[in-house]
Each structure stands twice: as structure tokens, then as C-alpha cells.
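Peer 1: Okay, here's what each chain looks like letter by letter:
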Amino acid sequence: MFRYNLELAFRGLRGFPKSTVLVVLTVALGLSACMTTLALLHVLSADPLPGRSEHLYLAWVDTVLAKPTNYQSLNGVTQANYRRIKLADAQALLSAHRAVRQAVVANMAADEISADGKHAQRAQLILATSADFVPMFGVALRYGRNWTAAEDAAHAPVVLIDTELAQKLFGTVNAVGRRVRLRNTLFQVVGVIAPYAPQPHFYGLDSFIFSSDGGENLYLPYTAALDAGLSPRSADGCDASYKTVSRLGWSDPAHCASLGFWVQLDTPQQVAVYRSYLTHYVEQHKALSGFGKPATSQLFSVAQWLKLQHVVPDSVRLNAGLAGAFLLLCMLNVAGLLAARFLHRSGETGIRRALGAPRRAVFQQYLLEAAAISMLGGVLALPLTLLGLWILRRQGSDFSGLARLDPLMFGGLFVMALLVGVLVGLLPAWRASAVEPALQVKSA
Amino acid sequence: MHPIISALKHHKTAVILMVLEIALTCAIVSNAIFIIGNRLAAMHVQTGVVDNELVWARSSGLDQGASAASATSRAQADLAALRSMPGVTSAVMVNSLPLSNMNAWGACVQRRPGHTKDLVCNVILYAGTQGTVKTLGIKLVQGRDFLPQEYVNYFPFDDMQAPPAVIVTRSLADRLWPGKDPLGQPLFLGDKARDVTHVVGVVGHLVNPRINKYNGVERNLLLPVTAAAVRGGMYVLRTAPGARDATLRDLPKVLDGVDSRRIITERHSYAQTVKDYFHDDRALIWLLLVVIGCLLALSALGVVGLSSFWVQQRTHQIGIRRAIGATRRDIMLYFQIENLLIVGAGIALGSLCAVVLSLFLMKHYELPRLPLGYLPIGALVLWALGQLAVLGPALRAAAVPPVVATRSV
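Chains as they are written, first to last, in my numbering: chain Z, 215 to 658; chain Y, -18 to 390.
Here chain Z stands alone, though its shape is the one from the complex (with noise of 0.2 Å):
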């Protein structure tokens, strides 16, 4: 019986090539509008580093020795936060050791130039962070050695780079054993890593949040970038004692929350037990009750955080919505041109159910023609998918040029095909079922 009623959707789809047309462009219109967002949607959205950033998470301590922030005034605006701590309470924290794995994290532009002077790179992002962020964040190293925690507390000057700025400061992508300037300090380069750019940019979002021409190219110890001279470029606040306010592009970490502390933990006990640190850690402070605030500390995990910091953009979102709302009008549009089409082969349905076809068999025979056209649509859909997306991709703000169809979405697209095709079916397949025999029959 299925196989009939197949039979006779197919038919159903030749006997009218013109309506056909018509209801295939349409679905495959809508689904590609809407895919097309979807897909931006859904990599905007992405876990940042699948596998690893479900044991990562942001430790904040609030020790800024100045009054709750009364930036607000007449006109009442807020400042980003982005939960970072002073120097002091990062040092404290990473020789404390409470969690598996710990890092500092603070983004600093610098010029990067080759020792000999020749390659130059200017006004570059880099990361200065501690040993453990190459282990914890998953960096994949391709020549050399990580630094170590000793040099860490050594200040020693090393850096890593990525095979891309090792290509343009030396000529080669194994730089191992050359040396780089910044500011006036020589650094080593005791290894290369694989380019390195998790989207969205969790760890620093106050540099920038997506990128599509990749992240920092150089990574260093954050005891020898501030010995260099080298500072955060901004602070969720300064120490009131702190005589000069901070200024763009430089920030004291000694007296202005600028670093971001991030921990792996890898169970909830573990989770639950830093989170009871943090608390006790910050209680100790009692310089802070002077100041009219109480004792705070927080613990993100990455989800959370990026959910507090509202990073897919809006406009990313109403685009999915208005996308929606066409496919929706493109269902209504194909439900009526098939009741239509359905309703005109009365005759027809009146003949097959006074043969003795039950209700349901004509009901499924709509359906199953529904179905396929709208699988016709979805695979038209599919080139004019990855037409938006390029077009996308043109448009040149910071995120479009992530746009791709993965095969999670490219799988989604022929679901969503099938779908809509049932949806659409559904109203005038029942209403053609629903049709009288005799009548039909009669006026035939």
C-alpha cells in the first residue's frame, strides 16, 4: 500500500510540472534563508573548545580597595566587567595550586620584531598568561618545548609563537632557538605552536570577542611581559589609592583588576570545593569591609560566562528570527497552492475511496507527496545554503567570516526538509482526505 500511495505522489508531482516548480523554489527559498542563519547562529554558539571547556572555569576575587564603582551618574551607564584581579591575588592563587590546573590570562599589544631587526610586526595581540595555559587551553605545540612554571617565577624571557608569525619574523615555521624584541627585551623562542584561535575568544573578550583572521600569534610569562614593560590594555577597576586613573591601551595589574584567572577543575567535588576557596580566600581581605563592600568571589564556568557576556550578537539572532518568520510565510504559501492542487483532484480522491480506499491512504498519499516535494526543495536548498553563506562571508564584520555549513547543519537541512514537508501536508492532505465519494463521483 505504501508503495502505491508512493506511486501515486510521484505521479502526483509530473501531472502538475508548473505547481511543482513553484512549491520546490519556494521551500528551497525559505530553507536556504533559514539555514544560511542557522548556520551563523550555530557557530557563533559553538562550545569554544569542545572536550576541554566543560572542566574550565573563570575565578574572580573582588579586591579592588575602592568603593563599589560609582562610574554610573547622570547618565546612569555601566562598564563592562570582565571579572579580572589584581597581580597580588593571581600570584596568590597560582602558588596556592587549589585547582588541577591554573593560568593568568591578560591580552597586551606590542610591536613584534625579528632580533636582527629586519621582520617587523606592528601593533600585534598577544597573550601573556603562565605555564599551564598551553596544557589547559589545548594549544597544540609543533616545535620545541611549553616554558615551565619555574620560569615562570624566574621571569625568564621566553616566548611561543605560532607557525604563521614564525613564517613572517624568520622565514621558517621551526623558530626555536631565535629570538624576537618587544619593547626593548629579547625573548627566546623555545617553541612553535599550531595557529590558535577558539571562537568565541572566552578567555579575553575585552580585546575582541570573534575573529576570522585568527587570535594572538605570540604567547609569553606574564612576570616577563610586565618586566618588559608590557601591560594589560585594560581594568575592571583600580584601587583608589591608585593615583592615576588607567588610560587606554595600559593598566597597572598591581593596583587594577587586569588579569584574568582561569582553573580546570575536573569534578563537581572539585568544583564545589574551589568554589568554598574562593570564598575563604576573599573573607581574609579585611581591608575591604572599609570600603562598603562585601566579600565576593565568583566561579564561571565557560558556558555561563559567555552567557553573562551576551557574546552572539543580537543582530545574529534577529536575522535568525526574520529568517523564521519567511519560511513560515513560505509554508503558508506552499500549504495553499497544495490544498489547491489537492482539492482539484477531488475527482480523482472521490473515485480511488469509492473503490474502497480507506481515508487514511489517501491521507498518506497527500503526505507522502508533500514530503517529497519538499525533499526536492531541501536538496535545491543545499547550493543556495552555501550561497548565502559565502555571501556572507563577504560582508566583512568580524564574525561573518566564520560562516561554514557543518555536517551537524548539513544533516539538519534535510530533516528541517522533511519537516516542513509534513507540516505543510498536514492541513490539506486531512481537508482532501476529508472529501465525499459519492459526490464526486456523481459530478465527474
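No lab work stands behind these hints: they were computed from the structure.
Incorrect hints may have been included.
What the hints assert, rightly or not - Calculated pairs, DMTMM-like style, for lysine to aspartate or glutamate (alpha carbon to alpha carbon, straight line, at most 20 Å):
#1 Z:332 to Y:240
#2 Y:115 to Y:240
#3 Y:194 to Z:420
#4 Y:115 to Y:126
#5 Y:194 to Z:528
#6 Y:194 to Y:262
#7 Z:521 to Z:453
#8 Z:332 to Y:237
#9 Y:120 to Y:162
#10 Y:120 to Y:155
#11 Y:-7 to Z:650
#12 Y:256 to Y:226
#13 Y:161 to Y:237
#14 Y:-7 to Y:319
#15 Z:382 to Z:453
#16 Y:344 to Z:528
#17 Z:521 to Y:347
#18 Y:115 to Y:99
#19 Y:234 to Y:247
#20 Y:120 to Y:32
#21 Z:507 to Z:427
#22 Y:194 to Y:226
#23 Z:382 to Z:325
#24 Y:-10 to Z:650
#25 Y:194 to Y:319
#26 Y:256 to Y:32
#27 Y:256 to Z:528
Given chain Z, put chain Y in place with the hints provided.
Peer 2: Using the frame of chain Z, we list chain Y on its own:
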């Protein structure tokens, strides 16, 4: 009940589908038209400077490792070379330009020191070297331009003595001293609001480097500084009409003549900069136009499809009506009125949806509320579209000969 309406009762499925379709289109199209209008209005902002006569450039190394004295002498050499270019009437150095989207300095200012209640934050600071007001073509509505001795080495984020004079925008003046004459008023700058300066001029319009909810549109002031203070800033050249493109082309050669080791990181005509600033808005407008076009085309197709089906289904009835005296015009009118009613129902439902959608957008995307005046626009567009779409099927219906009534019975 009128026969047109009672006839519709026999086509509930199709009518419901068509009404829903029109409603959805109406809701989206009226909101989209509103957003487009909103963006177009935003793009019409006047920068407050002479857009078409300016050229600007930035060069590397302007901000690094140089002492104040060497930075000043270097900038002066550059500016002298730039001023000597043919077609260049003047050249200055500023930290930023309206809508340039870069190097915006924000700060808090106070009317009285020590009163945190008096703090106005997120005020943009423009800093420019001697001749900035004339070069940019900023129009003062009150007061005077800076005097040569008022230009000092002042970087707002370091401990430095503030310049004695400041020019504020009308909108900042109204916020700081509502109802008072701003000229001569003291203004306190810096973190501890220690540095006092006085207002010497008021500018009618000068837009911020970027427009956002924190800094507003024109909440800024202009400081007279020397070249050493404008670290990481830009050279701005005012050119004679027609000389702009040639100036832009020759600019690297001239700057290289002064110091060939530097890299000119950016050079643009200012008109292009303003255009680039609105790139995203233009992209959104195009996107919405395409969406509107697709929605309307789809709705029209739907109307044509269903109307054609009805005409086909009712051929027999039309024949009977014609045979008992209905004119072609009557038949056409029947289908047109029917369409008017269905689209009308869709518009009624759609207007409701449009308001709901607008409230949703207001809540989540910081859009202003949809003015109700946009609803009739959407309604008219859809009615016209419906009538156009039904014209073909209605003409076909009117062409049905009365003799059909006598056939196939």
C-alpha cells in the same frame, strides 16, 4: 449574510491560509519599513565638519618611545611638509574625527570639584593642534576659537596641567548648564577633577567618533593641545575643492620625504570614512529590502495561486451568473471584493501581530516602538498588492462565457 462572505465559508482551509499569510507579511513588512526608516534617519546625521574637503592619515611610530620634544618636532616637520602640498589649505593633528570609529577618548567631567553627583561621564574628548577648528570647518555658534597661547601639552590620562580653554558642543552645554550661558563657565577635568578649565566657545554640531548609547551623539568637547599630546592620532588635511584625490595619492610620498622609516598605516578621504561608518546600516537596509521583496512576492504568488484555483473551481457557477444577467464587470468585482475582504482580515490580524512584534523587538534589540502611522502604510501596500495579484484570475473569471452554464449538466 452577504453571498461573498457565505461563499467563503466553503473554502475555510484556503481562506485561513491566505489570511495567515497576509498577516505575517503585514507584521514583518511594517516593522521592516520602520527599521529601514530609522536607519536612514541615523545615516543622515551631520558630522559637523566639512566632509568632502578632508583627507586624513595615520602613521606608525607616532605613539611609541618618543619624548614629548622629539614627538613635537617630528609632527611639526610632517605638518609643515603636508601644508606645502599643492591644494592643501591647512593641516593639523587630532586624536580622532567624527564617525572615524577610532581612538575615542572618553572621560568624566564635573561642574564643581568633589561633587560626584555633578559627574557627567562618557564625554568624548577631541584634542587638536593649532588651527583645528578652521581646518575641520567646525562652526562655532557662540564664543571664539582658541588663542595660540592656549595650546598646551595635555594628555588627559596622565597627570598634566589642563589647557585653560575648552570648546563644548551645544548638547553638552545644555546638559551641564541647562538654561545658563555656558561661556566662561568652569569645567573640571581629570580623575580627581583637579584641573579647571573654562568654556570659551560653543559649537553647534560635532558628532562623536562613534554613536552609541554610552556616549550619545554629540556629547563631546574640544581641547587645544600640542602635537606631543595627540599620541596615536591622525593628520588631517583640508584640501581645495578638486584637489582631494590628488592629495590622497601624493600623501605617502610627502611623508616619506620627511622620514622614510615610518609606515603609513592608514590614509582615507574623510567622505569615505563616513561612508564606511554606516557600512553595517547599509547592509541591514539591503537585507531588509530583499526580505520585504521576497515576502511581498511570495504573498502575491499565494494570492494568484489560490484565486486561480477558485476561478477554476467556480467556472460553472460563474457561467450561471453570467447566463442570468451578471455583467463581466460584476464577476470581476466579485473576485476583487472577495480579495479585499480576505486581505483586510489579514491586515487586521497582521496589525495586531506587528505591534506585538514591535514590543518584542523593543525589549530585545533596543529599537524604538513602531509608530502606529506605519500600519496604514503596510495595509495600503498589501491591499494594492492583493488587488494586483487577483487581477489576472479575475479577468480570466470575467472571460468565462455564459454558455458554460448550459454545458456538462
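Peer 1: Now, for every hint given, state plainly whether the structure supports it.
Peer 2: Okay, the hints, checked on the actual structure:
1. Z:332 to Y:240: Measuring from Cα to Cα gives roughly 18 Å; hence the hint holds.
2. Y:115 to Y:240: violated (27 Å)
3. Y:194 to Z:420: holds (19 Å)
4. Y:115 to Y:126: Holds - the C-alpha atoms of residue 126 (chain Y) and residue 115 (chain Y) are around 9 Å apart, at most 20 Å.
5. Y:194 to Z:528: Judged against 20 Å, a Cα distance of about 15 Å means the pair holds.
6. Y:194 to Y:262: It holds: about 16 Å lies between the C-alpha atoms, which stays within 20 Å.
7. Z:521 to Z:453: At roughly 28 Å apart (the allowed maximum being 20 Å), residue 453 (chain Z) and residue 521 (chain Z) break the hint.
8. Z:332 to Y:237: holds (19 Å)
9. Y:120 to Y:162: holds (18 Å)
10. Y:120 to Y:155: Since the Cα atoms of residue 120 (chain Y) and residue 155 (chain Y) sit roughly 17 Å apart, the hinted pair holds (cutoff 20 Å).
11. Y:-7 to Z:650: Cα-Cα ~16 Å, so holds.
12. Y:256 to Y:226: holds (16 Å)
13. Y:161 to Y:237: violated (50 Å)
14. Y:-7 to Y:319: holds (13 Å)
15. Z:382 to Z:453: violated (41 Å)
16. Y:344 to Z:528: holds (12 Å)
17. Z:521 to Y:347: holds (18 Å)
18. Y:115 to Y:99: Answer violated: residue 115 (chain Y) to residue 99 (chain Y) is near 32 Å, above 20 Å.
19. Y:234 to Y:247: holds (14 Å)
20. Y:120 to Y:32: OK: residue 120 (chain Y) and residue 32 (chain Y) at ~13 Å, within 20 Å.
21. Z:507 to Z:427: Since the Cα atoms of residue 507 (chain Z) and residue 427 (chain Z) sit roughly 41 Å apart, the hinted pair is violated (cutoff 20 Å).
22. Y:194 to Y:226: violated (35 Å)
23. Z:382 to Z:325: Within the cut-off at roughly 13 Å; holds.
24. Y:-10 to Z:650: holds (17 Å)
25. Y:194 to Y:319: violated (48 Å)
26. Y:256 to Y:32: Between residue 256 (chain Y) and residue 32 (chain Y) the Cα gap is close to 10 Å, so the pair holds against 20 Å.
27. Y:256 to Z:528: Measuring from Cα to Cα gives roughly 23 Å; hence the hint is violated.
Of the numbered hints stated above, those contradicted by the structure are hints 2, 7, 13, 15, 18, 21, 22, 25 and 27, listed in ascending order.
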